[in-house]
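Using the sequences and the hints given, assemble the complete structure.
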Amino acid sequence: MTERRALDGHTAFDEVPVSELLQLLLDERDITRVVLQYAHGVDRGDVDMVEACYHPGAYDDHGYASGTVEEFTAKLRKHPSGQGVRQHLIGNVLIEVRAGAAVSEAYFLCYMEDLDGSGSVAPLGLFGGRYVDRLEKRDGVWRILRRICVIDWSRELGEAPSAPKADTFRRGSRDDRDPAVLAFRELAALRR
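With my numbering applied, the sequence shown corresponds to residues 144 to 335, in that order.
The calculated label-pair distances, taken between Cβ atoms and stated as ranges, are:
#: 1; residue 1: Phe-327; residue 2: Ile-294; range: 27 to 37 Å
#: 2; residue 1: Ala-323; residue 2: Gly-234; range: 14 to 24 Å
#: 3; residue 1: Arg-277; residue 2: Pro-307; range: 37 to 47 Å
These are computed hints drawn from the structure, not numbers from a lab.
For glycine and all other residues, C-beta sits at the position ideal for the given N, C-alpha and C.
Written as C-alpha coordinates, this is what we have:
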(Lines of atoms letter the chains of each structure in order from A and count residues from 1; the text may use other names and numbers.)
(Lines give C-alpha, C1' and ligand atoms only; values in the text may rest on other atoms or scores of the structure.)
Protein backbone atom coordinates (compact mmCIF):
# COMPACT_ATOMS: atom_id res chain seq x y z
CA MET A 1 0.00 0.00 0.00
CA THR A 2 1.44 3.36 -1.01
CA GLU A 3 0.49 6.25 1.24
CA ARG A 4 0.82 9.91 0.43
CA ARG A 5 -0.34 13.00 2.23
CA ALA A 6 -2.98 15.17 0.62
CA LEU A 7 -2.69 18.96 0.81
CA ASP A 8 -5.02 19.06 3.80
CA GLY A 9 -2.85 16.61 5.76
CA HIS A 10 -5.24 13.68 5.40
CA THR A 11 -4.02 10.37 4.08
CA ALA A 12 -4.66 9.46 0.45
CA PHE A 13 -3.96 5.96 -0.87
CA ASP A 14 -2.70 5.08 -4.34
CA GLU A 15 -2.69 1.30 -4.13
CA VAL A 16 -5.08 0.10 -1.46
CA PRO A 17 -6.61 -3.37 -1.62
CA VAL A 18 -10.28 -3.22 -2.57
CA SER A 19 -11.23 -5.08 0.61
CA GLU A 20 -9.65 -2.32 2.75
CA LEU A 21 -11.37 0.42 0.74
CA LEU A 22 -14.69 -1.41 1.04
CA GLN A 23 -14.27 -1.74 4.81
CA LEU A 24 -13.45 1.98 5.08
CA LEU A 25 -16.58 2.86 3.08
CA LEU A 26 -18.70 0.57 5.27
CA ASP A 27 -17.24 2.11 8.43
CA GLU A 28 -17.91 5.64 7.15
CA ARG A 29 -21.46 4.64 6.20
CA ASP A 30 -22.09 3.12 9.64
CA ILE A 31 -20.70 6.22 11.39
CA THR A 32 -22.85 8.51 9.23
CA ARG A 33 -25.85 6.37 10.13
CA VAL A 34 -25.11 6.87 13.85
CA VAL A 35 -25.16 10.66 13.31
CA LEU A 36 -28.42 10.48 11.34
CA GLN A 37 -30.03 8.04 13.78
CA TYR A 38 -29.26 10.42 16.65
CA ALA A 39 -30.98 13.32 14.84
CA HIS A 40 -33.96 11.13 13.93
CA GLY A 41 -34.28 9.94 17.53
CA VAL A 42 -34.23 13.48 18.93
CA ASP A 43 -36.64 14.77 16.28
CA ARG A 44 -39.11 11.93 16.85
CA GLY A 45 -38.74 11.92 20.64
CA ASP A 46 -37.35 8.36 20.60
CA VAL A 47 -34.91 8.53 23.51
CA ASP A 48 -34.09 4.81 23.29
CA MET A 49 -32.89 5.39 19.71
CA VAL A 50 -30.77 8.33 20.88
CA GLU A 51 -29.25 6.25 23.68
CA ALA A 52 -28.43 3.41 21.25
CA CYS A 53 -26.07 5.79 19.40
CA TYR A 54 -23.71 5.87 22.40
CA HIS A 55 -21.57 3.35 24.24
CA PRO A 56 -22.65 2.93 27.88
CA GLY A 57 -21.01 5.60 30.02
CA ALA A 58 -20.21 7.78 26.99
CA TYR A 59 -19.88 11.53 27.59
CA ASP A 60 -22.05 14.13 25.87
CA ASP A 61 -21.22 17.84 26.12
CA HIS A 62 -24.48 19.54 25.19
CA GLY A 63 -23.86 22.75 27.12
CA TYR A 64 -26.78 22.92 29.57
CA ALA A 65 -27.16 19.12 29.47
CA SER A 66 -23.60 17.79 29.73
CA GLY A 67 -22.73 14.50 31.37
CA THR A 68 -22.86 10.80 30.74
CA VAL A 69 -25.21 9.53 28.07
CA GLU A 70 -27.38 8.13 30.84
CA GLU A 71 -27.67 11.60 32.44
CA PHE A 72 -28.23 13.24 29.05
CA THR A 73 -31.01 10.85 28.00
CA ALA A 74 -32.63 11.12 31.45
CA LYS A 75 -33.02 14.85 30.76
CA LEU A 76 -34.50 14.09 27.33
CA ARG A 77 -37.02 11.69 28.90
CA LYS A 78 -38.37 14.52 31.09
CA HIS A 79 -39.76 16.29 28.00
CA PRO A 80 -42.94 14.70 26.61
CA SER A 81 -42.21 13.62 23.03
CA GLY A 82 -45.59 14.70 21.67
CA GLN A 83 -45.01 18.36 22.55
CA GLY A 84 -43.27 20.89 20.37
CA VAL A 85 -41.00 20.42 17.37
CA ARG A 86 -37.40 19.35 16.90
CA GLN A 87 -35.97 19.23 13.40
CA HIS A 88 -32.34 18.58 12.51
CA LEU A 89 -30.78 18.92 9.10
CA ILE A 90 -27.41 17.18 8.92
CA GLY A 91 -25.01 18.65 6.35
CA ASN A 92 -21.31 18.00 5.77
CA VAL A 93 -19.98 14.95 7.58
CA LEU A 94 -16.20 14.54 7.74
CA ILE A 95 -14.96 11.20 9.09
CA GLU A 96 -11.47 9.89 9.84
CA VAL A 97 -11.15 6.19 10.76
CA ARG A 98 -8.10 4.57 12.38
CA ALA A 99 -8.08 0.97 13.67
CA GLY A 100 -11.48 0.78 15.36
CA ALA A 101 -11.50 4.44 16.38
CA ALA A 102 -12.92 7.42 14.52
CA VAL A 103 -13.53 11.15 14.71
CA SER A 104 -16.53 12.68 12.98
CA GLU A 105 -17.50 16.31 12.47
CA ALA A 106 -21.10 16.72 11.31
CA TYR A 107 -22.61 20.13 10.57
CA PHE A 108 -26.22 20.64 11.59
CA LEU A 109 -29.09 23.10 11.55
CA CYS A 110 -31.67 22.56 14.26
CA TYR A 111 -35.01 24.28 14.73
CA MET A 112 -36.65 23.81 18.13
CA GLU A 113 -39.94 25.01 19.51
CA ASP A 114 -42.00 23.99 22.50
CA LEU A 115 -45.55 24.52 23.61
CA ASP A 116 -46.04 26.92 26.47
CA GLY A 117 -48.35 26.09 29.35
CA SER A 118 -51.43 27.21 27.39
CA GLY A 119 -50.66 25.00 24.37
CA SER A 120 -49.43 27.90 22.23
CA VAL A 121 -46.17 27.65 20.31
CA ALA A 122 -43.23 29.20 22.13
CA PRO A 123 -40.29 29.19 19.69
CA LEU A 124 -36.91 28.34 21.15
CA GLY A 125 -34.82 29.11 18.13
CA LEU A 126 -32.65 28.10 15.24
CA PHE A 127 -29.15 26.76 15.80
CA GLY A 128 -26.23 26.13 13.47
CA GLY A 129 -23.44 24.00 14.74
CA ARG A 130 -21.42 20.82 14.60
CA TYR A 131 -21.37 17.48 16.37
CA VAL A 132 -17.73 16.60 17.04
CA ASP A 133 -17.73 12.91 17.90
CA ARG A 134 -15.13 10.42 19.01
CA LEU A 135 -16.45 6.96 18.12
CA GLU A 136 -15.31 3.41 18.75
CA LYS A 137 -16.19 0.16 17.03
CA ARG A 138 -16.94 -2.55 19.60
CA ASP A 139 -18.19 -6.00 18.66
CA GLY A 140 -18.57 -4.76 15.09
CA VAL A 141 -20.78 -1.78 16.02
CA TRP A 142 -19.83 1.91 15.84
CA ARG A 143 -21.11 4.10 18.66
CA ILE A 144 -20.27 7.48 20.14
CA LEU A 145 -17.77 7.52 23.00
CA ARG A 146 -17.66 11.33 23.37
CA ARG A 147 -19.74 14.04 21.73
CA ILE A 148 -19.20 17.79 21.83
CA CYS A 149 -22.11 19.82 20.51
CA VAL A 150 -20.55 23.01 19.13
CA ILE A 151 -22.89 25.95 18.51
CA ASP A 152 -21.46 28.25 15.83
CA TRP A 153 -24.48 30.57 15.77
CA SER A 154 -28.04 30.79 17.05
CA ARG A 155 -31.10 32.95 16.54
CA GLU A 156 -34.18 33.41 18.66
CA LEU A 157 -37.15 33.51 16.35
CA GLY A 158 -40.31 35.45 16.98
CA GLU A 159 -43.61 33.70 16.60
CA ALA A 160 -44.76 33.72 12.99
CA PRO A 161 -47.99 32.55 11.45
CA SER A 162 -47.96 29.24 9.65
CA ALA A 163 -47.31 29.36 5.90
CA PRO A 164 -50.38 29.41 3.63
CA LYS A 165 -51.77 25.92 2.98
CA ALA A 166 -49.29 24.34 5.42
CA ASP A 167 -52.24 22.84 7.26
CA THR A 168 -53.13 20.80 4.15
CA PHE A 169 -49.98 18.66 4.56
CA ARG A 170 -49.50 15.77 6.94
CA ARG A 171 -47.94 17.04 10.15
CA GLY A 172 -44.93 15.44 11.75
CA SER A 173 -45.11 14.42 15.37
CA ARG A 174 -42.56 13.52 18.00
CA ASP A 175 -44.11 10.15 18.77
CA ASP A 176 -45.23 6.87 17.18
CA ARG A 177 -47.83 8.60 14.98
CA ASP A 178 -45.22 10.25 12.76
CA PRO A 179 -45.43 9.08 9.10
CA ALA A 180 -41.73 8.13 8.99
CA VAL A 181 -42.00 6.05 12.17
CA LEU A 182 -44.99 4.23 10.69
CA ALA A 183 -43.19 3.63 7.36
CA PHE A 184 -40.11 2.16 9.08
CA ARG A 185 -42.35 0.00 11.27
CA GLU A 186 -44.15 -1.33 8.16
CA LEU A 187 -40.82 -2.21 6.55
CA ALA A 188 -39.64 -4.00 9.70
CA ALA A 189 -42.83 -6.09 9.67
CA LEU A 190 -42.08 -7.18 6.07
CA ARG A 191 -38.69 -8.58 7.12
CA ARG A 192 -40.23 -11.03 9.58
